[in-house]
Amino acid sequence: MLRPYEMSSVIITGPKNLQETIIKELHNLKILHIIEHSKNEFADIGRPLESANRLSEILVKVRALIAALNIKKQEIKFELKKSFLEIESTARKLTEELNINLEELKKTEELISKNESIKQELEILKDINAPLESFAPYKSLAYFTGYLKDENKALALKEELLKATQKLMLFHCLVKKRCFIVLFIDSKIKDAVSNILRKANFSPVSFVNIGNLKGNASANFKKIEEETAKLQKKKGEIKAKIVNLGKDYKDFLIASDDFLSEQLEKAEAPLKFAATPSSFLIKGWIPTDDLSKSIDRLNKITHNKIFVHFESAKKEDKVPVKLKNPKYAKAFEFFMDLYTLPTYKEIDPTFIMFLTYPLLFGFMLGDFGYGLTTLILFMILKRLMPKAKNFLNILIFSSLSTMFFGLLFGEFFGFEEIGSFYLPHILSRVHDINGLMFLALVVGIIHINLGLLIGFINEYKSHGFRTGLYAKGSWFIFEIWLVFVVWLFNFTNFTLSTKILILLLTLIVPLYMLYKGEGIRGIIEIPSIFSNTLSYARLMAIGLSSVVLALIINDSAEQFFHKGGFLVLIGVLILVIGHVINIMLGLLGSFLHSLRLHYVEFFTKFFHGGAKKYQPFGLKIQ
Amino acid sequence: MAVEISTGLIALASGLAIAGSAFAAAWAEKEIGVAAIGAMAEKEELFGKGLILTVIPETIVIFGLVIAYLILGLAK
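Chains L and E supply the protein sequences, listed in that same order.
The opening position of the first sequence corresponds to residue 1 in our numbering, with each subsequent residue numbered one higher.
The opening position of the second sequence corresponds to residue 1001 in our numbering, with each subsequent residue numbered one higher.
All clues stand as given, with none of them false.
List of simulated lysine-lysine pairs, DSSO-like, C-alpha gap at most 30 Å: (1) E/Lys1049 to L/Lys345; (2) E/Lys1049 to L/Lys387; (3) L/Lys613 to L/Lys382; (4) L/Lys119 to L/Lys223; (5) E/Lys1049 to L/Lys322; (6) L/Lys382 to E/Lys1043; (7) L/Lys30 to L/Lys389; (8) L/Lys324 to L/Lys345; (9) E/Lys1049 to L/Lys324; (10) L/Lys620 to E/Lys1049; (11) E/Lys1049 to L/Lys327; (12) E/Lys1049 to L/Lys330; (13) E/Lys1043 to L/Lys61; (14) L/Lys612 to E/Lys1043; (15) L/Lys188 to L/Lys163; (16) E/Lys1043 to L/Lys345; (17) L/Lys222 to L/Lys235; (18) L/Lys318 to E/Lys1043.
Because the hints were derived from the structure by calculation, they are not lab data.
Keep in mind that this is a model prediction, so the values were computed, not measured.
So here's chain L without its partners, still in its complex pose (with noise of 0.2 Å):
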């Protein structure tokens, strides 16, 4: 509680043929973060262990086949047989399958787009009785097929042609509701024809599927046709086998994946170790609880033939941090990591978030009846993602703090009154805004003060007494000025020019700590505090802004109940819509409104941020 577990820093040094016993039993120890070693003057970085080579040529290829397999990602049960050469064969023998399908599916796909470019030119040639043959180069014909823009103009097109030449012969039809034709004549004037035609406004269409077709272009449609349906039924059993595949592989699959990632972490940690030709040498940080067994522990399985230094952690040393809460705080650690997670020398606010969060929270939602709802919302949440339990942890805390609030205030659903019962309140929300208004500025005051005691004191034990006396307590005494100020315009009876002399000798004291405290930022920071106090407000105008949404909607659905009839549904369903709306308008408005407050006004107090966090080797990223 307020303090991250406590960090010993550890040094392991071995001879080399050490190496893999120690990187085996530390992954399974998980409990040693391992600072990376950077490439200097007297130690070169460790190489990799042997088998990473072909660790990662075998990953590489789970991992494609997880990916062309479409596999999602998930908690599995799968017995695997943990050997290499198991994993590489069947993989290998996967990829073999599976690419022969994908082969076999690529040509059927090609087969069906080409079919489909043939059904189209036997579409528009259909009702041309010339057989499909006749479509083929020739010496001293020529012909010419394609669409006219008027579809009367066919017989007057034949007019014209028949006066260039007799030897002619003309098909025409609609297609589309557009007139097709197709035109044979001497090669020997076609140009005179093609000029003829493009008066006709004739617009051209070649047909470069069909050349090696025969006979009827309706009875091959036909055939196309059915020949395009067995091509697609094959289509689809090349893809159901390929998503049995990805079935019957999928745990074998998933299960490879994370054990053969986890070789190669431990094959490659040598790759953050110092090195010499013959030894090794791993720098790293152990929570001290764990300090004297861990090291027992390598001590043993190497029949102490390695050395291992430690120490408890350094002022300058950049340590990484394990946040240390009780149980039912724990959830609250989300926020930090959310935002940055405390150095190791200062106070972790996890827990005071805990106690303050939830209150700032209810303080804004503030309402009985939509505490009770989302604390049964997030309950069921909960039980259905059990992934997102320190957030929705963190939501039920909240929702009691609403709850509470909610009595104090006197609200339930917006309501003050159940029937005839008035529900007693210490402070009605809607009534006495001024009682509210000066009571979130009162809890904005202690919450501020609450932040630079903190700071106070995070100060004081890393810099001495001093440096926490001007950078924080300063403020302090700034805020006794204050009230100061209001004591002398209000309760004495010196002469105006007496008070501002009094008020500005006074004023240096705080004036001149601060500049010794912070320098000139913290002079230029004075309005901040007083912006930081109004910022409070909020706990004020946002509760306001929900109970009066939640009158507005208990006033429109009173009006229909009165009306009576069927309207008592609409009545009924206004009620439902409108209080969802507003529970969920109220959830996200205090929910964030009250992160900002920590984030912005309180932690700006006193948190520094920034450190590491505390990852040991062999423990999953989740």
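Put chain E on the given structure of chain L with help from the hints.
Relative to the frame of chain L, chain E by itself:
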């Protein structure tokens, strides 16, 4: 319900205080929101910080609210 002109003006003034500050807050949030989305596209973990940064200018409208409230106090 007859309302005196002066009361109406006071109500109008407090409305203006809210409108102006709300507009300013919205504008500021828009700018920050855009930048936050941009940053998130590069690095998804920045969601938390982006969210917080985006609501920071909301204080402006709170100030507006306080001023509006003080102006309304003149009506009594």
